[in-house]
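Numbered per the working numbering, the sequence shown spans residues 401 to 980.
Check the hints yourself; a few may be wrong.
[To be verified] With a straight-line cut-off of 25 Å between C-alpha atoms, the simulated DSS-like cross-links for lysine-lysine are:
(1) K787 - K694
(2) K787 - K803
(3) K755 - K830
(4) K925 - K888
(5) K738 - K695
(6) K790 - K758
(7) K475 - K490
(8) K664 - K695
[As the list claims (entries may be wrong)] Have a look at the derived ranges for each label pair, beta carbon to beta carbon:
(9) G926 - Y456: 52 to 58 Å
(10) K726 - T510: 41 to 47 Å
(11) N907 - N845: 21 to 27 Å
(12) K563 - I781: 53 to 59 Å
(13) K856 - I979: 20 to 26 Å
Please keep in mind that the hints were generated in silico from the structure rather than gathered at the bench.
Computed from a predicted structure; not experimentally measured.
All residues carry an ideal CB built from backbone N, CA and C; glycine is no exception.
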Amino acid sequence: MKLKITLALLLLVGYVKAQMPIPPSKYNLEKRVSIEAKDQQLSEVLNKISKAGNFYFSYSGSLFKRDSLVNLSVKNAAVREVLDKLFNHKVDYTENGEYIILRYAANHLTIEPENITTAEKLYLISGYVIDIETGHKVKQASVYEKRLLQSTLTDNEGYFRLKFKGEHQEVILTASKESYRDTTLIFLSDIKIKPEGYNDPDANKANGRFGDIENSGLGRFFITSRQKIQSLNIPNFFANTPFQASLTPGLSSHGIMSSQVINKLSINVLGGYTAGTNGFEMAGLFNITKGDVKKLQFAGLFNQVGGSVTGIQMAGLVNDVRGKTKGLQAAGLVNNVKADAAGFQLAGILNLAAKNMKGTQSAGILNLVSKDFDGFQLAGIGNIGAKHVKGVQIAGIFNYAKKMDGFQFGLINVADTSSGYSLGLINFIKNGYHKISLYTNEITNVNVSLKTGNAKLYTILFAGLNLSNQEKIYTAGIGVGHDFILNKRIAIGLEMTGQYLYLGDWNADNLLNRFQSNIQFQLFKGLTVFGGPTYAIYTGNQHLNPSAPGYKQNIVPSHHTNLGGSTKGWLGFNAGITIM
401 MKLKITLALL
411 LLVGYVKAQM
421 PIPPSKYNLE
431 KRVSIEAKDQ
441 QLSEVLNKIS
451 KAGNFYFSYS
461 GSLFKRDSLV
471 NLSVKNAAVR
481 EVLDKLFNHK
491 VDYTENGEYI
501 ILRYAANHLT
511 IEPENITTAE
521 KLYLISGYVI
531 DIETGHKVKQ
541 ASVYEKRLLQ
551 STLTDNEGYF
561 RLKFKGEHQE
571 VILTASKESY
581 RDTTLIFLSD
591 IKIKPEGYND
601 PDANKANGRF
611 GDIENSGLGR
621 FFITSRQKIQ
631 SLNIPNFFAN
641 TPFQASLTPG
651 LSSHGIMSSQ
661 VINKLSINVL
671 GGYTAGTNGF
681 EMAGLFNITK
691 GDVKKLQFAG
701 LFNQVGGSVT
711 GIQMAGLVND
721 VRGKTKGLQA
731 AGLVNNVKAD
741 AAGFQLAGIL
751 NLAAKNMKGT
761 QSAGILNLVS
771 KDFDGFQLAG
781 IGNIGAKHVK
791 GVQIAGIFNY
801 AKKMDGFQFG
811 LINVADTSSG
821 YSLGLINFIK
831 NGYHKISLYT
841 NEITNVNVSL
851 KTGNAKLYTI
861 LFAGLNLSNQ
871 EKIYTAGIGV
881 GHDFILNKRI
891 AIGLEMTGQY
901 LYLGDWNADN
911 LLNRFQSNIQ
921 FQLFKGLTVF
931 GGPTYAIYTG
941 NQHLNPSAPG
951 YKQNIVPSHH
961 TNLGGSTKGW
971 LGFNAGITIM
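Just need the whole structure built from these sequences, with the hints factored in.
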């Protein structure tokens, strides 16, 4: 009776479970979808599958004919099964985040062991990797044990040999080769296995721009051909370990598997090539990292990272990051970021951010942000914000921003549009002020000035002379101004200028500062008349060095105020026209 009741309960539980909906898989290839397609283009069917599974496909355009017509009818099937049916096992699939990557893999491998030797704390396996269809032995295939992080490449005869030290209950060998589907063979023993730091590759934690790193100039020079082949054969397998040490990229404690391992501590005597760092990495000369770097990375010469950097990165010469950065980059010569940057970039010569940046750049020569910048730029020669700049640009020679919403200080400041402030010898705002004014005042009767910038702040470059046979004056100076716009026709300009007066003797100090207020009235577009009072402050030594014959002998008018010593002040005027 008890047995019957138990069987009945088991049947009931089984039936209830069978009626429950299958929970969604967190892996895209295991998600279950239902698709109906009749004489539809292959690209449209792939779009249906991606929408049903809420992921994206990535594949080469030459992988298959996108407009070929297919028929497909599946209900509640795993995406992997749907793709097998759709491509008849001629395409391989891997996951990377929200993407399923399709690649050509019509060929199939098998592992044929030749010799298996077991001894105390030793396991040795050798054999061949063979193409199932042709029977040919496959050269340069990767053969590796995922948990024990040991691998090798087959030779020109397809032969491999791997030796494992330690206690192992089983050894799981995987053979991988570009354009082949992976194959796995399990070798059992009666010894307990103790793997450490292994992450299931099916979780697909691949990261970074691996091809960029291996195909870069530094990558081609320092990364061995065996490591590049390994990356092609097993692009999506990554494991975590607490420590690795390298003499050079080819001589590592992880062997050629070093480029598939993410470490917490990485020590490279000369240089190293790893999958990533989540802790601390240092090198006497260089670090090359396939994926992401978190926390600290130091190198005597250069760091090159295929993924992103979060933390502190320092190099004697160059930091090169193909992903994003967040934190501090410091280099003796150049910092280069191919994606967004946030934090600080300090370089002896050049800082580059290929996309947006928020933070501070300081360079001996040039700072460049290819898109939007929000923060502070300081450079010995120039700063460039190719799109929108919010913040401050200070440079010894020039600053450029396509759209300026902050403050620029340099000899030459350039922007397409500006709602901020530019202070320099020349401020060229494409949609701002380019005003030429002709005017007169109580000192010189003919003057011309160039005003550049915008209403908030403009720079004035001017020169003038006093047309007279007996009272000649030549002058030149610079100033700044601000316009208060009252309406479309009327504005009030407040200006401050400083100028030198030449009175026939270059050794004489004849300096004049003016504070002037001009009421400006636009007669029509392109022509404005202005005029207003000024206050002049003059410092000169005419009493020691009288002006040369033909030059004006007394600059200071009778109605003046003695401001102490040789400094005098008086009220004057300013009037003229402006050509927009």
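Results of checking the hints against the structure:
1. For the hint pairing K787 with K694, the CA-to-CA distance comes to about 29 Å; that exceeds 25 Å, so the pair is violated.
2. For the hint linking K787 to K803, the alpha-carbon distance of about 6 Å falls within 25 Å, and the restraint holds.
3. Restraint check for K755 and K830: satisfied, since their Cα atoms lie roughly 24 Å apart, inside the 25 Å limit.
4. Straight-line distance between C-alpha atoms of K925 and K888 comes to about 10 Å, which keeps the hinted pair within the 25 Å bound.
5. About 19 Å separates the Cα atoms of K738 and K695, which keeps this hinted pair within 25 Å; it holds.
6. The hinted pair formed by K790 and K758 meets the criterion: a straight-line CA distance of about 9 Å does not exceed 25 Å.
7. For the suggested pair K475 and K490, the alpha carbons sit about 22 Å apart, so the restraint of at most 25 Å is met.
8. Using a Cα cut-off of 25 Å, the hinted pair K664 and K695 holds, with the two alpha carbons roughly 10 Å apart.
9. The beta-carbon spacing between G926 and Y456, approximately 55 Å, falls within the hinted interval of 52 to 58 Å.
10. Checked against the given bound of 41 to 47 Å, the beta carbons of K726 and T510, roughly 46 Å apart, stay inside it.
11. Between N907 and N845 the beta carbon distance is about 26 Å. The supplied range of 21 to 27 Å therefore holds.
12. A hinted range of 53 to 59 Å holds for the C-beta pair K563 and I781, which are about 58 Å apart.
13. Between K856 and I979 the beta carbon distance is about 21 Å. The supplied range of 20 to 26 Å therefore holds.
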